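Protein chains in written order, with the UniProt record's numbering: chain A, 1 to 364; chain B, 1 to 275.
In case anyone wonders, no lab produced these hints; they're calculated from the structure.
Any given hint could turn out to be false.
Stated by the list, open to error - Calculated pairs, DSSO-like style, for lysine-lysine (alpha carbon to alpha carbon, straight line, at most 27 Å):
1. A:Lys77 / B:Lys102
2. A:Lys227 / A:Lys23
3. A:Lys133 / A:Lys104
4. A:Lys23 / A:Lys104
5. A:Lys23 / B:Lys43
6. A:Lys77 / A:Lys104
Computed from a predicted model, the values in this text were never measured in an experiment.
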Amino acid sequence: MSEAGFLELTGIESAYGSTAVLKSIDLSVRHGEFVALLGSSGCGKTTLLRAIAGFVTPTAGTIRVGGYDVTQQPPDKRGMALMFQSYALWPHMTVADNIGYGLKLRGVSRAERAQKVAAMQALLGLEGLGERKPANLSGGQRQRVALGRALVIDPEILLLDEPLSNLDARIRLSVRHELRALQQRLGITAIHVTHDREEAMVMADRIVILDAGQIAQQGSPEEVYNKPASAFVAAFMGAENLLTLQGSVEGDRLVIAPGPANALGSVPLASRPLVSGAIEARFRPEAAQLFPVDAIPTLGPGMTFRGLVRSVSYPGGVWRHVVQLGDREVLADSLQAFAAGDQVALHVPAPSLFLFNSDANRIR
Amino acid sequence: MSSTLRSSLSTLWWVPRGLIFGLMAFFIFGPLFNLLLWTVAEKWYFPHTLPLQYGFSAWERVFAPRGGALDSLRNSLVVAVLTVAVSLALAVPAGYALARLKLPFRSLILLAFLIPQAFPNLTVYVNVARIFYEIRLNGTIPGVVLVHVSHGLVYAVWIATAAFSAIDVELEQAARSMGAGALRAFFDVSLPLAAPGLMASAIFVFLESLDEFTGSYFVGAPDVNMLPLLLYTAGSGGNYQTASITALLLLVPSLFFMLIVERFLKADVLSRVGR
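This is chain B alone, in the form it adopts within the complex (with noise of 0.2 Å):
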């Protein structure tokens, strides 16, 4: 009887789980799927539930070579990977010195990291926006690269320092045992092992790069234009359908990069994110 009881209950239980699961799904996948349909659709409007007709068009429209679409994502692209380049440069060290030396304001140093982040962002990239037009930085790719440094960096380093405190100090000392220097050490030992962190970090950044805009739009427009800038365009005039095409080449990346930092990042690392 209680049996019974307890087992019908248990089926119960799948109501609501079944409901807020559907509700998330939905919230996750509803504004994708439009998204979807938005990029196929020729003709859509109120009260029509699904568009009056489809078609590539927008597409065509988009990735001519008046539409900028292929400038932008080249621009993009090209940004995401220096500022990728300069951060692990930057970070690589510094995560390094933060994670083994026994730095005075060590906490400190990490949390310096964060104040790009901690102001807002219209203000900072103004003023960075006047002093780049002095030092003829404004409208450059490497200007717009800074920008995104400056931004990715917090990630990178504190990513990397993560990274590199997970790995036993002993690993490295059996290698100097051996009679590695300092410097063969580091590439022997601690890099590869330190790699899956740097890798992930390295994924961050690139995605911070690909989805900054107010610091893009201040250092690099008009002269250098970037996806976001050009999803804006499209979104405030109204066209949905390049807009939606956009957004789609932002989010291609995203999906197929987080999918490699769950592998990549393990819970030995992340644990020590911020430490």
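In isolation and in its complexed conformation, chain A is listed as follows (with noise of 0.2 Å):
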């Protein structure tokens, strides 16, 4: 990115007592841009918002806006809106006084807040029910009053701490695209703080991965998707079957050293920084191929693994096999199911084959 991003956190660091919660962030988000926060708990995904939002301190660090610098100002003066996971609607004021309390304290006059506060509960499906208090809602309905509040003034950026993860798994899968679509439309800069990945790949322009303070890796959905930057990357991104290697880079391959299950192999090495050593290899069950051992058919790059079938289960589409493969057990999917019991030979192309020398990054 050539042109300064529209917020720009540079070294933002917090502390939790001695513990260090957030490690010099570095951060640009451009006007208009969807960027997810995505992390599991406690990587301080929720602190890097509430520090965005002017509810945490960070120790160190700047936070722009626009160019100016909004690090010491308190949270009513950053003009962001912040959505929380609990929605927080007051429970004395009706979904309308709710909704239109933003704008009553920027001084609009009562008529044009009513039908400004109107509009918005038209945008979000809220009519009828202006006259009610937040108790009296369902979830979804709440959730999007507590929306609703915070875009009736057009704040520059919205925040959104996991604003989905109170909601039925049905309607959030609806909820994602309405909010991103919403998001699209109205061209709000939005910071939306998630665990869940198949929810940031779907909604965000932007991924950054948190993991214990820092950020992973960020870029778009595809890249941290199909090249995660380090073994913590791909194992959160669904990589979860571990395998254990010897690799030893011979020119532009990584000639793999026989092991309990695959004989020897090479796959190309393809811009990864390696070196020869032991290579933790990860890859996605849906990633994995699986064929009777007598009949292997001719193979594209990758790594050819045997194994015994040990259970199989239908989640759905596909079936899945728990595989023993040397002294480890991975997850492998197939349109075809084999028995438990049987012999497979278990190929996983090289694009989704994640390799990582052991010693960097271990998974914690």
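Put the complex together from the two separate chains, hints included.
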């Protein structure tokens, strides 16, 4: 990015007591961009969001919005709106009062306020609920009131703290797309905190994966999904199957030594920064291909392992097999079911096989 | 066979229960009934179970200009209202700070409000009276109010702290995020949400003030006479009619407010009192 971002974080650090929660976070967000902060609980993603919102004062670093340093500004002077995971609707106010509160603070006249609140209610499908109290709404309705309250003040930056995690699984799927469409239509810059990988993939322009207070990787959904920069990111993005291999770099190929489940093989290095030694190989269950050992077709570049099917289940669409490879067990999907006890060949194509040097970036 | 035995046993079980409830009702309503009878008794002496003659002459005496009851009632009400006002003015900021800020020795501060109750009242108020006499607060309404505030602050602060702690911080943060300053967020969100708890604490302080005797006696009397003092004088003088009427005057607001408190104080606030 050549131009400076609309929201610019430099060297943000935060500590809770003596524990560092955020370690030197640099992040640049363009105007109108939808950025997802993704990470498991305790990775610092919520702290980072609250630091941006102004509820946590970072111990070091600066936060700039449109070139202005807002690091020391109180939350109400930052032109941002935070939508809370709990929705934080005021129980003593009606839906209309909740949505219109920000306008009231800005001195908008009663008539204009009523008109804007009505428009927001229409936009979010909350017509006719204006006089209700939040206690008399369903979870999905509350979520939309909280969103409407944040959107009606036309914030420069919309901050979303796991806004979908309290919704039913079914509603959640449709709300993802609604929220994304709304953000694009209104052209708002949005920062979305979530621990749900799929949610981040579906909604965001850019995913920022946080691990132990640091940015592990950031990039478009395809990038972080297909080119994880570390074993942690690979595992977090669903490549949970783990094999330990011995490899040596020879030219532009990584030659993999024979192991308990594999013969000598090699894969193209393809700009992976690997050195010879112990290799951590990760792949997704759906990336694996299973074949009967006596009928292995000709395969492209990749690694083929031999193993024993331990169990089979049907989660839907494909059959999921637990396959024992040497002393490890991995999951592998296949359209064709194998029986427990079958000897199988398990092939992982080179692009789907994520390889990392074992000592670097160990998964925690 | 066994079912009929069980049903007869459960019927039998009502006997001790009925006895216990009956006794409880007797212990609560017996004295109250006696008190009511005394307020309308003209003539009642041993060994008669009920008054020999009924009438309202005691009421006339108590509420006659010379009876002093109206004066005492007015004093008591003025002092109670002022005590509530001063206590809340102190308890709202104090309770908010104790609930929200990470204060060192927080529980110690909360405990400190109990100190006026921790020592024998007489010792405390005799000394208070001496000091107030020197600074000319003795025998004045502000003097009595101060004494009552020191007494009522423990309820006011403890309940206010509990009421504010029961409010989710995110509700305030949401207001800040919408553009409200700290003070505005407090008045728009925290205060209305804490209002039921604060109302309850106000009622407690009001009732405490109405009831308080020792401090009122040492600091107020003889210039500022209060209802409990009137009750004491009448009671010790053997004038049961006047005593009963005064007691009734004290009892009515108590009962009325207790009903309100019961509606206002919700479990989520009560569970945080003293924490």
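query = Within a Cα-Cα threshold of 27 Å, do Lys23 of chain A and Lys43 of chain B meet the stated pairing?
reply = Between Lys23 of chain A and Lys43 of chain B the Cα gap is close to 87 Å, so the pair fails against 27 Å, i.e. violated.
Hint consistency between Lys227 of chain A and Lys23 of chain A [alpha-carbon to alpha-carbon, up to 27 Å] = It holds: about 24 Å lies between the C-alpha atoms, which stays within 27 Å.
query = Are the Cα positions of Lys77 of chain A and Lys102 of chain B separated by 27 Å at most?
reply = 24 Å, holds
query = For the pair supplied as a hint, Lys77 of chain A and Lys104 of chain A, is the alpha-carbon distance within the 27 Å limit?
reply = 16 Å, holds
query = Regarding the pair Lys133 of chain A and Lys104 of chain A, is the alpha-carbon distance no greater than 27 Å?
reply = This hinted pair holds, its Cα atoms lying about 18 Å apart.
ask   = If you draw a straight line from the CA of Lys23 of chain A to the CA of Lys104 of chain A, is it 27 Å or shorter?
value = Not satisfied, since the Cα-Cα distance of roughly 39 Å exceeds 27 Å.
This entry does not satisfy hints 4 and 5, going by the numbered hints stated previously.
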